[in-house]
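Chemist: Now for the letters of each chain:
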Amino acid sequence: MRHWVHDIYEVFRAQTVSMVSYVPDAGHVDLIKLCEADEMMRVVSLTTEEEGVAFAAGAYLGGKRAALLMQSSGVGNCINMLSLIKTCQLPFLTLVTMRGEFGEFNPWQIPMGQATPLVLSAMGLIVYRVDAPSEVRDVLEAAVSLAFGSYCGVAVLLSQRLIGTKRFVEEK
Amino acid sequence: MNLAPRLNRREVVTALLADRGDLLVVAGLGATAWDVASVEDHPLDFPLWGAMGGAAMVGLGLAFAQPSRKVLVITGDGEMLMGMGSLATIATARPRNLRIAVIDNECYAETGRQRTSTAFGADIAAVALACGFPHARTVWEADEIEPLRADIHQRDDLFLAVIKVALSDDPKALPPRDGAYLKNRMRAALLGPQIFSE
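Going down the list, the protein sequences come from chains A and B. Position 81 of the first sequence, counting from 1, maps to 81 under our numbering, and the rest follow consecutively. Position 101 of the second sequence, counting from 1, maps to 1101 under our numbering, and the rest follow consecutively.
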């Protein structure tokens, strides 16, 4: 397991992020496994990503901290539901594994991947991007503090350079 | 065979919220939010003014965060249809303390009464059962409301009820619309005033 994935899990534990919802992506596999193995965490598999925005809102109303894990293609599904976050000044944390950028092989991933930071910003979220494994812990700690301390939505984009570009065909 | 729904939505919602105790309520946008507000403006209500399709999932988050409390989502057929996938998510998560009441007038009443799929036979209770809900039913008659109210407090498992209601012109009853206020009010009532200094 890549070390930065464990860093994310440790920040979740240290900062009492105890509810995690996700639409899976290859880049989130190990984090989902770590969370599902943890009896202190409630982990929910979603039908579509915007459910995770509403789920996080409910969790916070009930006094818990949630995070939404998704791929960049899921960000577009969330747009209107993110109204909740800004209107209600709700803390919200999402970790987005990026596609459609650094070395992408699948052209269908490009439009949403390229639009992801713009869409999140347009809906009022603060967006951080991580390219280097050594930055993951610091950025995530800052994101959690910002979201839950300052009542705002924060997205951490885990870049394709960080997670590794997906390969569909053997390189020659 | 039931031809046209006869129940009055305001009477149904008023009856369902009678003697509510410490019940937590999430209301879907539009008419169901007005219905809930028409009963009283309660600090343990979270009426939505947007986020269409999200009411049931707000309920799931709240139900997991507060496992010792019963959580009731009251929403409309149009709102539930938009979030129909969440019925699969919720059935899989299976929170025993969550209940969903779909007030089904078979149309988008706020926007010109265009008919929804439920007017043509889409059966939200059957969808819930097919998704794995341990219990779901459709209610047509007035004498089924009190047993439903009792279930909200007593049934120890997830369930969904569709309540077929007539189209009606109800007096406007608007809840507060400041989302930050609604959030803070519910959290303070539920978690205590210390939330503002944490």
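I should point out that these hints are in silico values taken from the structure, not numbers from a laboratory. Beta carbons: idealized from backbone N, C-alpha and C, even for Gly. Heads up, some of the hints might be wrong.
[Claimed, not checked] Listed next, with one range per pair, are the computed distances between beta-carbon atoms:
(1) A/G63 with B/A1126: 27 to 37 Å
(2) B/A1126 with A/S121: 37 to 47 Å
(3) B/G1112 with A/I110: 19 to 29 Å
(4) B/P1067 with A/K33: 51 to 61 Å
(5) B/R1094 with A/K166: 42 to 52 Å
(6) B/P1193 with A/M40: 25 to 35 Å
(7) B/E1040 with A/E135: 18 to 28 Å
(8) B/E1110 with A/K86: 21 to 31 Å
(9) B/R1096 with A/M40: 13 to 23 Å
(10) B/F1120 with A/K86: 42 to 52 Å
(11) B/A1004 with A/T16: 30 to 40 Å
(12) B/A1150 with A/A115: 29 to 39 Å
(13) A/L118 with B/R1155: 43 to 53 Å
(14) B/S1197 with A/R13: 40 to 50 Å
Chemist: Can you let me know if the beta-carbon spacing of B/G1112 and A/I110 is within 19 to 29 Å?
Modeler: 39 Å, violated
Chemist: Confirm or reject the claim that A/L118 and B/R1155 have a C-beta distance inside 43 to 53 Å.
Modeler: The hinted range 43 to 53 Å holds for A/L118 and B/R1155, with Cβ atoms some 46 Å apart.
Chemist: Just tell me: holds or violated, for the beta carbon distance of B/P1193 and A/M40 against 25 to 35 Å?
Modeler: Distance hint for B/P1193, A/M40 holds at roughly 27 Å.
Chemist: Regarding B/S1197 and A/R13, is the given constraint of 40 to 50 Å on their beta-carbon distance met?
Modeler: 24 Å, violated
Chemist: Could you check the hint for me, namely that B/E1110 and A/K86 are 21 to 31 Å apart, CB to CB?
Modeler: 22 Å, holds
Chemist: Given the hint of 42 to 52 Å, is the C-beta distance from B/F1120 to A/K86 inside that range or not?
Modeler: Roughly 36 Å apart at Cβ, these two residues miss the hinted range, so it is violated.
Chemist: Taking 42 to 52 Å as the hint, is the beta-carbon distance of B/R1094 and A/K166 inside that range?
Modeler: With Cβ atoms ~33 Å apart, the hint is violated.
Chemist: Indicate whether the distance between the beta carbons of B/A1150 and A/A115 respects the range 29 to 39 Å.
Modeler: 49 Å, violated
Chemist: Per the hint of 13 to 23 Å, is the separation of the Cβ atoms of B/R1096 and A/M40 within bounds?
Modeler: Holds, at about 19 Å.
Chemist: Lying within 37 to 47 Å: is that true of the beta-carbon distance B/A1126 to A/S121?
Modeler: About 41 Å separates the Cβ atoms of B/A1126 and A/S121, which means 37 to 47 Å holds.
Chemist: At the C-beta level, are A/G63 and B/A1126 separated by a distance inside 27 to 37 Å?
Modeler: 35 Å, holds
Chemist: Cβ-Cβ distance between B/P1067 and A/K33: within 51 to 61 Å?
Modeler: 24 Å, violated
Hints 3, 4, 5, 7, 10, 11, 12, 14 from the list above are not met by this structure, while the remaining hints are.
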